[in-house]
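Whole structure, please, built from the sequences with the hints as guidance.
Taken in order, these protein sequences are the chains called A and B. When you read off a place in the first sequence, starting at 1, and then add 27, the result is the number in the numbering used here. When you read off a place in the second sequence, starting at 1, and then add 340, the result is the number in the numbering used here.
Treat the hints with caution; some may be incorrect.
Unchecked claim - Residues from chain A that face chain B, not an exhaustive set, calculated with beta carbons under 8 Å:
hint, residue
1, T75
2, G76
3, F77
4, M78
5, L97
6, R100
7, R101
8, P107
9, P111
10, Y113
11, E115
12, F124
13, M125
14, S127
15, L128
16, R129
Unchecked claim - Examples of chain A residues lying across from chain B (beta carbon under 8 Å, computed):
hint, residue
17, P79
18, Y105
19, T109
Claimed, not checked - What follows is a set of in silico ranges between Cβ atoms, one per label pair, in the way DEER data are often shown:
hint, chain 1, residue 1, chain 2, residue 2, range
20, A, K175, B, D555, 52 to 58 Å
21, A, P40, B, G514, 30 to 36 Å
22, B, F356, A, A32, 47 to 53 Å
23, B, L535, A, P114, 43 to 49 Å
24, A, Y38, B, Y362, 39 to 45 Å
Rather than coming from a laboratory, the hints here were simulated on the basis of the structure. Glycine included, each C-beta is placed from N, C-alpha and C at the ideal position.
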Amino acid sequence: MIEVAGLTKFYGPTPAIQNLNFHARPGEIVGFLGPNGAGKTTTMRILTGFMPPTSGTARVAGYDLVDQSLEVRRRVGYLPETVPLYPEMSVSEYLAFMGSLRRVPDLDDRIDEVLEQVDLSERAESFVGNLSKGLRQRLGLAQALLHKPEVLILDEPTIGLDPAQIIEVRRIIQELGRERTVLLSTHILSEAQQVCDRVLIINHGTIVAEDTPGNLQSQLAGAERLTVLTSSSNSELMRLLQGVPGVSSVRPGGREGEVELATAPGRDVRPIVARRVVEAGLDLLELRSAGISLEQIFLQLTREENDSKAGG
Amino acid sequence: MRNLWIIASREFRHYFISPIAYALATMLYLILGGIFFINIYYGLQTGQINPDGRMVIGPMVTILLFATPAITMRLLADEYRMGTMELLLTAPVRDWELVIGKWLGAFGFLFVVLALTWIYPLLLHRMTSPGIDQGTLLAAYLGLALAVGAMLAIGVFISTLFRSSVAAFFVALGVMLALWIIGGLSSGAGTGAQLAGWLSFVDHYYNNFYRGVLDLGDAVYFLSLTALALFLGAQVVQARRWR
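Next up, the structure:
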């Protein structure tokens with residue numbers, strides 16, 4: 028597991044992360060979200076033992092990151108943002124080199140296993156330099172999984188993959204996350220929503236929100252929105268739906284015959300709206316609830332943070 | 341310690357698939373072969389071949405002065421440039437294991453290259469009577485191995501300072517040339533000259549080892565230079581983690 032307390036890192040006089048506090052339990056996939064330069068990679072590099080923090084403490088897999096760095100590094104699998112590979116080596120040579128540094132028992136068998144896991148078995152003898160970006164990413168993931176680490180730290184694990192590979196890698200991560208602690212950073216917010224049990228949103232080196240994707244949505248959703256599309260004109264539909272119990276505001280949508288309704292949180296007005304449209308003799312073409320997405324939460328939180336900083 | 345051998349053997353094998361290593365070996369053997377041929381050719385013309393097994397060692401030392409920075413320039417600079425340093429430093433590898441492993445791999449490669457040059461003195465030994473002085477030759481080669489070890493260690497240390505292998509090459513070459521020419525200042529009197537003599541690569545190699553004399557002071561000079569450079573290299577790797 029990962030326990031972070033007061034983690035701070037300065038590059039010269041510039042703070043990259045400040046007073047980070049969070050934890051991740053075994054069997055939990057924690058997503059690290061944030062704009063570029065927010066401090067995600069710095070945090071991950073610290074947690075993998077690549078660089079020490081300026082202050083604060085962190086325990087990974089039960090070991091102190093600074094005092095027991097080697098023990099931590101034995102137990103962490105790491106996929107950096109830019110997958111570092113030796114182009115002159117073959118896929119299996121590369122894994123054999125990394126596996127021997129990590130003292131993986133029955134290395135040859137284990138290499139076959141991870142290659143199968145990331146669907147690279149057929150390229151075992153290919154030179155790393157000849158692999159496409161997607162294949163390199165999968166090889167990086169194989170390297171991170173090779174020693175069956177207790178903690179997996181993945182920096183943008185699906186970047187550069189095609190849609191089929193993205194689905195496959197997400198499936199692998201979810202499978203691994205059942206037993207291990209997984210911390211992954213991503214720019215793809217739907218990925219965090221889909222894969223992660225919990226999300227940390229980081230901005231300007233501090234955590235601005237931390238919860239399950241579902242809880243974050245319900246906390247920040249406020250009014251929910253409903254889009255209604257019928258065969259009538261906008262103005263006729265607006266008149267019809269004004270005054271429906273639970274609807275706080277009605278405004279025209281982007282298309283003819285479309286309106287957007289704002290409703291009180293937790294109040295489902297769809298049955299009443301549908302009935303009223305049909306009873307008025309109109310054709311109901313679309314009735315869609317537009318809940319706030321993780322993208323909107325992310326933008327809202329990072330914007331609030333930026334505004335408060337600008338305001339002093 | 342196991343990691344040290346893993347890193348060393350990877351580096352050693354890497355030299356045999358790298359064009360730089362083949363270019364270096366080809367250049368070295370061509371130049372030494374040419375020098376050997378000219379010496380033998382003129383010896384046969386005059387009917388007298390100088391039975392000095394070191395005829396290839398002098399030129400070899402000069403070639404190695406330029407070759408060792410070329411061999412070491414990429415060792416750590418490339419790891420930083422390619423990002424693979426992140427991989428190595430997040431693996432359970434100690435900083436000193438990484439630095440010494442790299443040095444050992446490079447030393448192993450040059451040891452093989454130098455061992456093959458022994459063919460020239462062996463040929464000379466068979467062509468002359470009563471043959472060459474094997475003791476002198478052995479001392480010259482032993483000194484050469486120690487000097488090469490020190491030069492490679494300096495190269496490894498300088499390679500830890502840069503991301504650009506070209507920059508590492510020129511700085512390492514500059515340092516080695518400085519240690520080479522500083523011997524020129526050792527002829528005068530005073531502390532400065534004494535210090536120059538103490539630091540000089542030339543004095544420590546040519547004054548004793550090359551003449552067949554095994555001097556503990558010279559061995560200590562090369563070994564301590566090697567240890568100091570490797571220690572500094574490991575410190576730089578550690579310090580760069582903090583940046």
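Hints numbered earlier in the text: which of these fail when held up against the supplied structure?
Result: no hint breaks.
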